[in-house]
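*Asks:* Sequence:
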Amino acid sequence: MIDDKNQLPELEACPRCGVSNALRVGQSNQNGKLRWHEVINCSSCGLHSEADGVGLAPSEIRNLLIKMHGLWAIRIDDIKSTANIIKVLRNSLSLDMKDAASLIKILPGSVYSGTKAEAEWLADLLIKAGEVPTLEQISDAAIA
Numbered sequence: 004m005i006d007d008k009n010q011l012p013e014l015e016a017c018p019r020c021g022v023s024n025a026l027r028v029g030q031s032n033q034n035g036k037l038r039w040h041e042v043i044n045c046s047s048c049g050l051h052s053e054a055d056g057v058g059l060a061p062s063e064i065r066n067l068l069i070k071m072h073g074l075w076a077i078r079i080d081d082i083k084s085t086a087n088i089i090k091v092l093r094n095s096l097s098l099d100m101k102d103a104a105s106l107i108k109i110l111p112g113s114v115y116s117g118t119k120a121e122a123e124w125l126a127d128l129l130i131k132a133g134e135v136p137t138l139e140q141i142s143d144a145a146i147a
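Throughout, my numbering is defined as the position within the sequence shown, counted from one, plus 3.
Source of the hints: derived by calculation from the structure; they are not laboratory data. Every value quoted in this text rests on a predicted model; they were computed, and no experiment measured them. Only true hints are included.
Ranges of calculated distance between the beta carbons of each label pair, as one might list FRET restraints:
1) Ser116 x Asp55: 20 to 28 angstroms
2) Val135 x Lys108: 16 to 24 angstroms
3) Arg93 x Glu139: 19 to 27 angstroms
4) Ser46 x Ala104: 45 to 53 angstroms
5) Ser142 x Gly35: 22 to 30 angstroms
6) Ser84 x Ala144: 30 to 38 angstroms
7) Gly49 x Asn87: 49 to 57 angstroms
8) Arg19 x Gly73: 21 to 29 angstroms
9) Asn24 x Ser105: 40 to 48 angstroms
10) Gly21 x Lys108: 38 to 46 angstroms
11) Leu14 x Gly133: 35 to 43 angstroms
12) Asn94 x Thr137: 19 to 27 angstroms
13) Lys83 x Cys48: 48 to 56 angstroms
Cross-link-like lysine-lysine pairs, in silico, DSSO-like; alpha carbons within 30 angstroms at most:
14) Lys83 x Lys131
15) Lys36 x Lys131
16) Lys119 x Lys108
17) Lys36 x Lys108
18) Lys90 x Lys108
Ideal Cβ placement from N, Cα and C applies to all residues, glycine included.
Let the hints inform the model, and build the full structure from the sequences given.
*Replies:* Structural data, given as structure tokens:
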């Protein structure tokens, strides 16, 4: 099973004035729920904001996390139950039937790509459903 520990937040520049170390973003798998957070606390321009949620993070936060930790994929090569795979992905990603059905065409293979925490979260759900997913980093984190 994938570890549920929180990932430490990463520091980024203030979105208003650009001063470094003002923006923290993070994402974690907490008891089977994907959670994200963003905290802005800028000592230069005074911008302060906090946001968090359950599920996939907003695209700006996801893009920062991918920049920091790279892009990750989940592969399933040894399929135990196509129906279980589709059910897990459909429920966890809120896919409609058409999108879920299109996944059948790519199995075996890579069924999802996103942030590291998202991949770990989905892999954990697939493991609980009896599958044996593998995680692979498909692009490195950007070097600052």
